[in-house]
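Starting from the known structure of chain A, fit chain B onto it as the hints suggest.
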Amino acid sequence: DTEVTQTPKHLVMGMTNKKSLKCEQHMGHRAMYWYKQKAKKPPELMFVYSYEKLSINESVPSRFSPECPNSSLLNLHLHALQPEDSALYLCASSQDEEAEQFFGPGTRLTVL
Amino acid sequence: DAKTTQPPSMDCAEGRAANLPCNHSTISGNEYVYWYRQIHSQGPQYIIHGLKNNETNEMASLIITEDRKSSTLILPHATLRDTAVYYCIVRVGYVSSNTGKLIFGQGTTLQVKP
Chain A
1 DTEVTQTPKH LVMGMTNKKS LKCEQHMGHR AMYWYKQKAK KPPELMFVYS
51 YEKLSINESV PSRFSPECPN SSLLNLHLHA LQPEDSALYL CASSQDEEAE
101 QFFGPGTRLT VL
Chain B
1 DAKTTQPPSM DCAEGRAANL PCNHSTISGN EYVYWYRQIH SQGPQYIIHG
51 LKNNETNEMA SLIITEDRKS STLILPHATL RDTAVYYCIV RVGYVSSNTG
101 KLIFGQGTTL QVKP
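One line per chain: the protein sequences are A and B, in this order.
The first sequence begins at 1 in this note's numbering and counts up by one.
The second sequence begins at 1 in this note's numbering and counts up by one.
Be a bit skeptical, because a hint or two may be false.
[Unchecked claim] In the DSS-like style, the derived pairs of lysine-lysine whose C-alpha atoms are separated by at most 30 Å in a straight line are:
1) A:41 x B:3
2) A:38 x B:113
3) A:38 x B:3
4) B:101 x A:53
[Said to hold, decoys possible] Label-pair distances were calculated between CB atoms; the ranges are:
5) A:38 x B:29: 30 to 38 Å
6) A:30 x B:39: 24 to 32 Å
7) A:98 x B:65: 20 to 28 Å
8) A:110 x B:40: 12 to 20 Å
9) B:113 x A:62: 41 to 49 Å
10) B:80 x A:69: 39 to 47 Å
11) B:114 x A:5: 27 to 35 Å
12) A:5 x B:8: 29 to 37 Å
Just so you know, the hints here were simulated from the structure itself, not pulled from any lab data.
Here a beta-carbon is modelled for each residue, glycine too, at the ideal position from N, C-alpha and C.
Next comes chain B alone, as it looks inside the complex:
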């Protein structure tokens, strides 16, 4: 089962920041938080991941709380092309029998509106 909880849907106005929350209260110390998104009829796309520090790349920022029990993905200036299902995934970060596993939850459907 997925180890994360996300709201099923969110709206965001075009040009505004989209803040997508994720709860992972049972996360272990060696587990990373990954974010992927899936635009309709396409394969999932990797966005960002982190362990405990905040991370930023050209697509988004990831804010992880100090206790690591929740995180927020931030799309700083959402566009219509950001409309997608966003998946927050917890996965182990070292080689083990489960390393290659990505267990997708239901995700958040983000609708960016003009």
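For reference, chain A alone in the conformation it holds in the complex:
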């Protein structure tokens, strides 16, 4: 298995909802990442996990809460989002923080 999978592909949520994005890889990678990409803009790093520990938080608002339950799985918990949080959320993984990153197809999030 040489890919990063993300579910769901699309998500529509209200500002009072709680939802979660899921990312999975079975390549034995020990670093995992969340990026946010607004339309016609480049991806922006949100979080980095290394060996299941949070190593980088790019000053992301607390309404985004990452979780790494095991080395294959990365979640992003969403609560009280704003319409401006609508974006494509990309997950990536790599052998370690120094190696090239492999990206999933993303979850397209719309906040109403």
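Okay, now just chain B, sitting in the frame of chain A:
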């Protein structure tokens, strides 16, 4: 902020070589040059990376100038499927507080035309 400068767009004829330039005049000795591309509505895809020597793989070649202040990604025989946004990224190559960071610039939109 991104440490690279790329032209916003380029065209290339199908079957010809696509040469995508990137300036990184402030690159440090321990920083690598990475190239990724993003085809519309997909996640970015790793292409190639290098430190100071030229590199080649099955997808592309990377030519880095001797002073390391610029580089060129070469797609030897561009196809319509190579139409994408190409990102040149400088990142540190050893474990530090910034190792895991990929800072994407605006990239170059490459349009391959029949």
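Structure-based check of each hint:
1. Simply put, residue 41 of chain A and residue 3 of chain B have alpha-carbon atoms about 16 Å apart, close enough for the 30 Å limit, and the pair holds.
2. Pair hint residue 38 of chain A plus residue 113 of chain B holds up; C-alpha atoms about 27 Å apart against a cutoff of 30 Å.
3. Straight-line distance between C-alpha atoms of residue 38 of chain A and residue 3 of chain B comes to about 20 Å, which keeps the hinted pair within the 30 Å bound.
4. Taking the CA atoms of residue 101 of chain B and residue 53 of chain A, the gap is near 15 Å; set against the 30 Å cutoff, the hint holds.
5. Evaluation of the 30 to 38 Å hint for residue 38 of chain A and residue 29 of chain B yields a pass: the beta carbon distance comes to about 34 Å.
6. A C-beta distance of roughly 27 Å is found between residue 30 of chain A and residue 39 of chain B, which places it inside the suggested range of 24 to 32 Å.
7. At about 24 Å, the CB distance of residue 98 of chain A to residue 65 of chain B agrees with the hint of 20 to 28 Å.
8. In this structure, residue 110 of chain A and residue 40 of chain B meet the distance hint of 12 to 20 Å, their C-beta atoms being roughly 18 Å apart.
9. The hinted range of 41 to 49 Å is satisfied by residue 113 of chain B and residue 62 of chain A, whose Cβ atoms lie roughly 47 Å apart.
10. Between residue 80 of chain B and residue 69 of chain A the Cβ separation comes to about 41 Å, which falls inside the hinted range of 39 to 47 Å.
11. For residue 114 of chain B paired with residue 5 of chain A, a C-beta distance near 33 Å keeps the hint of 27 to 35 Å intact.
12. Distance hint check: the CB atoms of residue 5 of chain A and residue 8 of chain B are about 32 Å apart, consistent with the given range 29 to 37 Å.
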